[in-house]
Amino acid sequence: MANVKTAEAERTNALKKLYAERERYTGRDGKEYWSYYVKGTARGKEIKANLIASDRGGYEVLDLVYGGGEDTAELIIVPYEFKNDDGKTISGDNYVVRNTDKKTGEVYEADIKFAQKSDKRLFDMIIGSSARIDKDEKYLLSKVKQKTEV
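For the sequence shown, my numbering gives the first residue as 2, with consecutive numbering after it.
Quick caveat, the hints were computed from the structure, so don't treat them as lab data.
Even for Gly, the Cβ is constructed at its ideal location relative to N, Cα and C.
It is possible that part of the hints are untrue.
Claimed, not checked - Label-pair ranges, simulated between beta-carbon atoms:
| hint | residue 1 | residue 2 | range |
| --- | --- | --- | --- |
| 1 | Glu61 | Lys103 | 16 to 24 angstroms |
| 2 | Glu107 | Asp30 | 31 to 39 angstroms |
| 3 | Thr105 | Asn85 | 34 to 42 angstroms |
| 4 | Arg25 | Asp87 | 14 to 22 angstroms |
What the hints assert, rightly or not - Straight-line alpha carbon distances no greater than 25 angstroms define the calculated DMTMM-like cross-link-like pairs of lysine to aspartate or glutamate that follow:
| hint | residue 1 | residue 2 |
| --- | --- | --- |
| 5 | Lys40 | Glu75 |
| 6 | Lys114 | Glu33 |
| 7 | Lys121 | Asp72 |
| 8 | Lys46 | Asp120 |
| 9 | Lys84 | Glu107 |
| 10 | Lys104 | Asp72 |
| 11 | Lys104 | Glu71 |
| 12 | Lys18 | Asp86 |
| 13 | Lys18 | Glu47 |
| 14 | Lys40 | Asp86 |
| 15 | Lys18 | Asp87 |
| 16 | Lys46 | Asp72 |
Work out the full structure, taking the sequences as your base and the hints as a guide.
In structure tokens:
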């Protein structure tokens with residue numbers, strides 16, 4: 002399954018390279034934390050779409066992805082599609098940040114999501130239409146998935 006995920010992600014991400022960054026901030030409690038975001042421009046204005054770990058344990062995984070002093074990781078859009086029990090087709094995208102250890106070549110990945118609905122809208126503005134996948138391309142991705150599973 003990991004090879005399928007990687008093949009789909011590489012095809013999707015080939016349309017436009019995207020990067021998620023992180024920066025340190027001090028919380029109200031005085032402790033230091035990391036914030037994660039994708040930045041870009043819309044209508045000539047610099048904007049950020051905030052990202053968060055997909056679950057509580059995800060921040061530990063994010064620390065590993067960004068380990069080694071890296072403050073930037075590749076952001077990969079992984080499309081999915083399935084039929085629910087009622088036969089209705091459900092589709093969408095999952096988001097993964099990925100870094101490769103420069104010394105060992107080992108790949109580290111973490112699932113992420115948008116902090117709020119408005120962050121998803123900002124992200125859509127950042128990537129623009131060139132990074133969106135139409136139905137024909139999703140069909141092609143499903144064929145790639147079938148071939149890689151054999």
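Ascending list of hint numbers which this structure does not respect: Hint check: 4, 9, 12, 14, 15 fail, others pass.
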